[in-house]
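Build out the structure end to end from the sequences listed, making use of the hints.
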Amino acid sequence: KQEVTQIPAALSVPEGENLVLNCSFTDSAIYNLQWFRQDPGKGLTSLLLIQSSQREQTSGRLNASLDKSSGRSTLYIAASQPGDSATYLCALSQGGSEKLVFGKGTKLTVNP
Amino acid sequence: GAVVSQHPSWVICKSGTSVKIECRSLDFQATTMFWYRQFPKQSLMLMATSNEGSKATYEQGVEKDKFLINHASLTLSTLTVTSAHPEDSSFYICSALSLAGGRYNEQFFGPGTRLTVL
Numbered sequence: 001k002q003e004v005t006q007i008p009a010a011l012s013v014p015e016g017e018n019l020v021l022n023c024s025f026t027d028s029a030i031y032n033l034q035w036f037r038q039d040p041g042k043g044l045t046s047l048l049l050i051q052s053s054q055r056e057q058t059s060g061r062l063n064a065s066l067d068k069s070s071g072r073s074t075l076y077i078a079a080s081q082p083g084d085s086a087t088y089l090c091a092l093s094q095g096g097s098e099k100l101v102f103g104k105g106t107k108l109t110v111n112p
Numbered sequence: 113g114a115v116v117s118q119h120p121s122w123v124i125c126k127s128g129t130s131v132k133i134e135c136r137s138l139d140f141q142a143t144t145m146f147w148y149r150q151f152p153k154q155s156l157m158l159m160a161t162s163n164e165g166s167k168a169t170y171e172q173g174v175e176k177d178k179f180l181i182n183h184a185s186l187t188l189s190t191l192t193v194t195s196a197h198p199e200d201s202s203f204y205i206c207s208a209l210s211l212a213g214g215r216y217n218e219q220f221f222g223p224g225t226r227l228t229v230l
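Chains as they are written, first to last, in our numbering: chain H, 1 to 112; chain E, 113 to 230.
There could be a bad hint or two in this list.
[As the list claims (entries may be wrong)] Listed next, the in silico DSS-like pairs over lysine-lysine satisfying Cα-Cα at most 25 Å (straight line):
#, chain 1, residue 1, chain 2, residue 2
1, E, Lys167, H, Lys42
2, E, Lys178, E, Lys132
3, E, Lys126, H, Lys99
4, E, Lys126, E, Lys167
5, H, Lys42, E, Lys126
6, E, Lys167, H, Lys99
7, H, Lys42, E, Lys132
8, H, Lys1, H, Lys42
9, E, Lys176, E, Lys132
10, H, Lys104, H, Lys42
11, H, Lys1, H, Lys104
12, H, Lys1, E, Lys176
13, H, Lys1, E, Lys132
14, E, Lys132, H, Lys99
15, E, Lys132, E, Lys167
16, E, Lys153, H, Lys107
17, H, Lys99, E, Lys178
18, E, Lys153, H, Lys99
19, H, Lys104, E, Lys153
[Claimed, not checked] Cβ pair distances, simulated, as ranges:
#, chain 1, residue 1, chain 2, residue 2, range
20, H, Ser53, E, Gly165, 38 to 44 Å
21, E, Thr228, H, Gly83, 25 to 31 Å
22, E, Asn163, H, Lys42, 36 to 42 Å
23, E, Asp177, H, Ser97, 21 to 27 Å
24, H, Pro112, E, Pro198, 34 to 40 Å
25, E, Leu188, H, Asp39, 22 to 28 Å
26, H, Tyr76, E, Ile124, 39 to 45 Å
27, E, Gly173, H, Arg61, 29 to 35 Å
28, E, Lys167, H, Glu17, 33 to 39 Å
29, H, Ser97, E, Leu188, 22 to 28 Å
30, E, Pro198, H, Tyr31, 36 to 42 Å
Keep in mind the hints are simulated off the structure, nothing from the lab.
By construction, the Cβ of each residue, glycine as well, lies at the ideal position given by its N, Cα and C atoms.
As structure tokens, this is what we get:
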């Protein structure tokens, strides 16, 4: 059974700092991996999607990497801003299934 | 594009009543919709997979008679929580897969429905 772990559970940084959020998974037979942002009491906003054959995706200040062999993905946020404060969720789907398995998320606070 | 809406955004009901939540794909047709539940400070847990015109597939531990799912069209799925109890209070989120395939089976998520059962 696929398990997705996100470390740390919470992270607090000063504005302007570069940071890395981690996601690990137990079964490397994945189809795609997505990073989402969730604001309190709100739904999910898709940030980046990495297909299994890709190693990274970039969007603005965000860069997500995927290393299937080690069962890890990272989300790199450059020059963090207070508006980046949210919970970041990692989720993946496996070959032959459209279901997403989610991690518990990392709650990020960027202090002005 | 790829917008999913949910209605209502929040609902408060008395214990024992039933509540219906709608999930709509606004600008695309969805072959498959998913229903998730999220408890405070927890991640999303898949409850069921809903395919248009067929019965939903429920995850282990989810009572199909309590959480009724109907996917009557390619743009609408509904989740009815029957005989709701306080322990059913949660944040319910739906997602949809585009009939066009989308980008690597990307799911598009609704804004969620906060259910509070008194």
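Okay, the hints, checked on the actual structure:
Distance check on the hinted pair: lysine 167(E) and lysine 42(H) sit about 28 Å apart at the alpha-carbon level, beyond 25 Å; violated. Distance restraint check for lysine 178(E) and lysine 132(E): the Cα-Cα separation of roughly 12 Å lies within the 25 Å cut-off, and the hinted pair is therefore satisfied. The straight-line distance between the Cα atoms of lysine 126(E) and lysine 99(H) is roughly 32 Å, outside the 25 Å bound, and the hint therefore fails. Restraint check: the Cα-Cα separation between lysine 126(E) and lysine 167(E) comes to about 28 Å, which exceeds 25 Å; the hinted pair is violated.
Using a Cα cut-off of 25 Å, the hinted pair lysine 42(H) and lysine 126(E) holds, with the two alpha carbons roughly 23 Å apart. With a CA separation close to 17 Å, the supplied pair lysine 167(E) and lysine 99(H) stays within the 25 Å bound. Distance hint between lysine 42(H) and lysine 132(E) is fulfilled; the C-alpha atoms sit about 19 Å from each other, no more than 25 Å. Using a Cα cut-off of 25 Å, the hinted pair lysine 1(H) and lysine 42(H) is violated, with the two alpha carbons roughly 28 Å apart.
A hinted pair counts as satisfied when its Cα atoms are at most 25 Å apart, and lysine 176(E) with lysine 132(E) qualifies at roughly 14 Å. Among the hinted pairs, lysine 104(H) with lysine 42(H) is consistent with the structure: their alpha-carbon atoms are about 15 Å apart, no more than 25 Å. As the CA atoms of lysine 1(H) and lysine 104(H) are separated by approximately 16 Å, the hinted pair is consistent with the 25 Å bound. With a C-alpha separation of about 22 Å, the suggested pair lysine 1(H) and lysine 176(E) falls inside the 25 Å cut-off, and the hint holds.
As the CA atoms of lysine 1(H) and lysine 132(E) are separated by approximately 32 Å, the hinted pair breaks the 25 Å bound. With a CA separation close to 23 Å, the supplied pair lysine 132(E) and lysine 99(H) stays within the 25 Å bound. Between lysine 132(E) and lysine 167(E), the direct Cα distance comes to roughly 17 Å. Compliance with the 25 Å bound is thereby established for this hinted pair. Simply put, lysine 153(E) and lysine 107(H) have alpha-carbon atoms about 10 Å apart, close enough for the 25 Å limit, and the pair holds.
This hinted pair checks out: lysine 99(H) and lysine 178(E) have alpha carbons roughly 21 Å apart, not beyond 25 Å. Simply put, lysine 153(E) and lysine 99(H) have alpha-carbon atoms about 21 Å apart, close enough for the 25 Å limit, and the pair holds. Among the hinted pairs, lysine 104(H) with lysine 153(E) is consistent with the structure: their alpha-carbon atoms are about 8 Å apart, no more than 25 Å. At about 33 Å, the CB distance of serine 53(H) to glycine 165(E) disagrees with the hint of 38 to 44 Å.
Range check, threonine 228(E) to glycine 83(H): Cβ separation about 29 Å, and the 25 to 31 Å hint holds. At roughly 27 Å, the beta-carbon separation of asparagine 163(E) and lysine 42(H) lies outside the given 36 to 42 Å, and the hint is violated. Range check, aspartate 177(E) to serine 97(H): Cβ separation about 25 Å, and the 21 to 27 Å hint holds. Distance hint check for proline 112(H) and proline 198(E): the Cβ-Cβ separation is about 39 Å, which falls inside the suggested range of 34 to 40 Å.
Look at leucine 188(E) against aspartate 39(H): about 26 Å separates their beta carbons, and that is inside 22 to 28 Å. Range check, tyrosine 76(H) to isoleucine 124(E): about 41 Å between beta-carbon atoms, so the 39 to 45 Å window is met. A beta carbon spacing of about 39 Å between glycine 173(E) and arginine 61(H) contradicts the range 29 to 35 Å that was offered as a hint. A hinted range of 33 to 39 Å for the beta carbons of lysine 167(E) and glutamate 17(H) is inconsistent with their spacing of about 50 Å.
Separated by about 24 Å at the C-beta atoms, serine 97(H) and leucine 188(E) satisfy the suggested range of 22 to 28 Å. Taken as a hint, the range 36 to 42 Å holds for the pair proline 198(E) and tyrosine 31(H), whose Cβ atoms sit roughly 37 Å apart.
Of the numbered hints stated above, those contradicted by the structure are hints 1, 3, 4, 8, 13, 20, 22, 27 and 28, listed in ascending order.
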